[in-house]
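Read in order, the letters of the sequence shown are residues 2 to 221 in this note's numbering.
Calculated from the structure, these hints are not laboratory results. Treat each hint with caution, since some may be false.
Cut-off 27 angstroms, straight-line C-alpha distance, at most; resulting in silico cross-link-like pairs (BS3-like, lysine-lysine) [claimed, not checked]:
| no. | residue 1 | residue 2 |
| --- | --- | --- |
| 1 | Lys115 | Lys126 |
| 2 | Lys134 | Lys17 |
| 3 | Lys210 | Lys35 |
| 4 | Lys9 | Lys35 |
| 5 | Lys115 | Lys35 |
| 6 | Lys115 | Lys128 |
| 7 | Lys117 | Lys210 |
| 8 | Lys210 | Lys128 |
| 9 | Lys116 | Lys172 |
| 10 | Lys128 | Lys117 |
| 11 | Lys134 | Lys210 |
| 12 | Lys126 | Lys116 |
| 13 | Lys117 | Lys134 |
| 14 | Lys210 | Lys9 |
| 15 | Lys210 | Lys17 |
| 16 | Lys35 | Lys134 |
| 17 | Lys134 | Lys115 |
| 18 | Lys126 | Lys210 |
| 19 | Lys187 | Lys176 |
| 20 | Lys187 | Lys172 |
| 21 | Lys35 | Lys117 |
| 22 | Lys128 | Lys35 |
| 23 | Lys9 | Lys126 |
| 24 | Lys128 | Lys116 |
Between beta-carbon pairs, the in silico distance windows are [as the list claims (entries may be wrong)]:
| no. | residue 1 | residue 2 | range |
| --- | --- | --- | --- |
| 25 | Ala112 | Glu57 | 34 to 40 angstroms |
| 26 | Ser151 | Glu109 | 29 to 35 angstroms |
| 27 | Ser71 | Tyr163 | 18 to 24 angstroms |
| 28 | Asn60 | Asp173 | 48 to 54 angstroms |
| 29 | Asp98 | Ile8 | 31 to 37 angstroms |
| 30 | Ala140 | Ser71 | 15 to 21 angstroms |
| 31 | Gln197 | Ser170 | 21 to 27 angstroms |
| 32 | Glu42 | Arg125 | 21 to 27 angstroms |
| 33 | Asp73 | His23 | 31 to 37 angstroms |
| 34 | Lys117 | Thr4 | 46 to 52 angstroms |
| 35 | Tyr220 | Thr175 | 25 to 31 angstroms |
| 36 | Thr4 | Ala112 | 51 to 57 angstroms |
| 37 | Ile191 | Asn37 | 40 to 46 angstroms |
This one's a predicted model, so the numbers in the text were calculated from it and none came from an experiment. For every residue, glycine included, the Cβ atom is placed at its ideal position computed from N, Cα and C.
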Amino acid sequence: MYTSDFIKELQLTRSKYYSECHILIEQLIDESLKVNFEACEHLRFGVSRRLNILSESLNELFILTPPDLSEDAGRERRSLADAHLHAFLINACGIIDNMAWFIAFHYELDAVVKKKHEVGLFHRKFKSHLPNKIAAKVAEFTDWYNFLISQRHPTAHRTPPYIIPYIESSKDGTKDYTPGYIHSHKEGNIVPLHPQLLCDFGAILELIKALLEDVINSYA
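Please construct the entire structure, taking both the sequences and the accompanying hints into account.
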């Protein structure tokens, strides 16, 4: 259960990120008109499209299973929330792949493009090709990315996560309905839903800002 101040902070951050997101989408579309066809595909129809999906899924999760939830959300609402959670996790990784492919095509890394398995923003070999601003962000967010893919891979290939209805205290039987998610009770821990997704979304926004700055500098 969160304090009222922390819930307010979560809501303010969500609102701030939502506004930033749609400004970035416009910038991504504008920049996509200046680059080659392959780079445009990944920037306009990859990064910007996925960014919109992430933003809307995050918003819906705040509506369906709010951070101040104090009763069972019900099966129908949790099922819808689960679908948005799955969409968020898949597209959070997908948008990072689109950024990597954009870099490969924009900077004409032909030799790298031929080795598709090496095209990845956080791939050890690909890092040497990153421009300055996004290279710094990749170094900063490596631990975060490793956690993200640990959540994405089960979603895509094994058991998808679900938002738990509540946690029951072993001491007095009281129930805490604060939303959290887990893939498997055998393999992991419960992840606080809203703080983690805001962390994920914030990191993605920072990566996109750095990417755009590098792209603009590439024209200088």
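Hints, verified against the model:
1. Taken as a hint, the Lys115 and Lys126 pair is honoured in the structure, with Cα atoms around 14 angstroms apart against an allowance of 27 angstroms.
2. Restraint check for Lys134 and Lys17: the C-alpha separation of about 22 angstroms stays at or below 27 angstroms, so the hint holds.
3. For a cut-off of 27 angstroms, the pair hint linking Lys210 to Lys35 stands: about 17 angstroms separates their Cα positions.
4. Of the supplied pair hints, the one linking Lys9 and Lys35 is violated, its CA atoms being roughly 40 angstroms apart against a limit of 27 angstroms.
5. Proximity of Lys115 to Lys35 is assessed by CA-CA distance (about 24 angstroms); at most 27 angstroms being required, the pair is judged to hold.
6. Our distance criterion of 27 angstroms between C-alpha atoms is met by Lys115 and Lys128, whose separation comes to about 16 angstroms.
7. Restraint check for Lys117 and Lys210: satisfied, since their Cα atoms lie roughly 25 angstroms apart, inside the 27 angstroms limit.
8. For the given pair, Lys210 sits about 18 angstroms from Lys128 by alpha-carbon distance, which is consistent with the 27 angstroms threshold.
9. Taking the CA atoms of Lys116 and Lys172, the gap is about 55 angstroms. The hint is violated against a cut of 27 angstroms.
10. For a cut-off of 27 angstroms, the pair hint linking Lys128 to Lys117 stands: about 14 angstroms separates their Cα positions.
11. Our distance criterion of 27 angstroms between C-alpha atoms is met by Lys134 and Lys210, whose separation comes to about 9 angstroms.
12. Restraint check for Lys126 and Lys116: satisfied, since their Cα atoms lie roughly 11 angstroms apart, inside the 27 angstroms limit.
13. For the given pair, Lys117 sits about 23 angstroms from Lys134 by alpha-carbon distance, which is consistent with the 27 angstroms threshold.
14. Distance restraint check for Lys210 and Lys9: the Cα-Cα separation of roughly 26 angstroms lies within the 27 angstroms cut-off, and the hinted pair is therefore satisfied.
15. Taking the CA atoms of Lys210 and Lys17, the gap is near 15 angstroms; set against the 27 angstroms cutoff, the hint holds.
16. With a C-alpha separation of about 20 angstroms, the suggested pairing of Lys35 with Lys134 holds against the 27 angstroms cut-off.
17. The straight-line distance between the Cα atoms of Lys134 and Lys115 is roughly 25 angstroms, inside the 27 angstroms bound, and the hint therefore holds.
18. The hinted pair formed by Lys126 and Lys210 meets the criterion: a straight-line CA distance of about 23 angstroms does not exceed 27 angstroms.
19. Proposed proximity of Lys187 and Lys176 is supported: the alpha carbons are some 21 angstroms apart, at most 27 angstroms.
20. Note on Lys187 and Lys172: the hinted pairing holds, with a Cα-Cα distance of about 22 angstroms set against a maximum of 27 angstroms.
21. With a C-alpha separation of about 24 angstroms, the suggested pairing of Lys35 with Lys117 holds against the 27 angstroms cut-off.
22. Restraint check for Lys128 and Lys35: satisfied, since their Cα atoms lie roughly 24 angstroms apart, inside the 27 angstroms limit.
23. Using a Cα cut-off of 27 angstroms, the hinted pair Lys9 and Lys126 is violated, with the two alpha carbons roughly 42 angstroms apart.
24. Note on Lys128 and Lys116: the hinted pairing holds, with a Cα-Cα distance of about 14 angstroms set against a maximum of 27 angstroms.
25. Ala112 and Glu57 have their C-beta atoms about 37 angstroms apart, which keeps the hinted 34 to 40 angstroms range intact.
26. Roughly 33 angstroms separates the CB atoms of Ser151 and Glu109, a value that falls within the hinted 29 to 35 angstroms.
27. Range check, Ser71 to Tyr163: about 20 angstroms between beta-carbon atoms, so the 18 to 24 angstroms window is met.
28. A hinted range of 48 to 54 angstroms for the beta carbons of Asn60 and Asp173 is inconsistent with their spacing of about 35 angstroms.
29. For Asp98 paired with Ile8, a C-beta distance near 33 angstroms keeps the hint of 31 to 37 angstroms intact.
30. Taking the beta carbon of each, Ala140 and Ser71 are about 41 angstroms apart, not inside 15 to 21 angstroms as hinted.
31. Checking the proposed 21 to 27 angstroms range against Gln197 and Ser170 shows it holds: the Cβ atoms sit about 22 angstroms from each other.
32. Against the hinted window of 21 to 27 angstroms, the Cβ-Cβ separation of Glu42 and Arg125 comes to about 26 angstroms, which satisfies the hint.
33. The supplied range of 31 to 37 angstroms is met by Asp73 and His23, whose beta-carbon atoms lie about 33 angstroms from each other.
34. In this structure the supplied range 46 to 52 angstroms holds for Lys117 paired with Thr4, their Cβ-Cβ distance being about 47 angstroms.
35. Judged by the Cβ atoms, the range 25 to 31 angstroms given for Tyr220 and Thr175 is violated: they are separated by roughly 59 angstroms.
36. Between Thr4 and Ala112 the CB atoms are about 53 angstroms apart, so this pair conforms to the stated range of 51 to 57 angstroms.
37. Restraint check, Ile191 to Asn37: a C-beta distance of roughly 45 angstroms satisfies the suggested window 40 to 46 angstroms.
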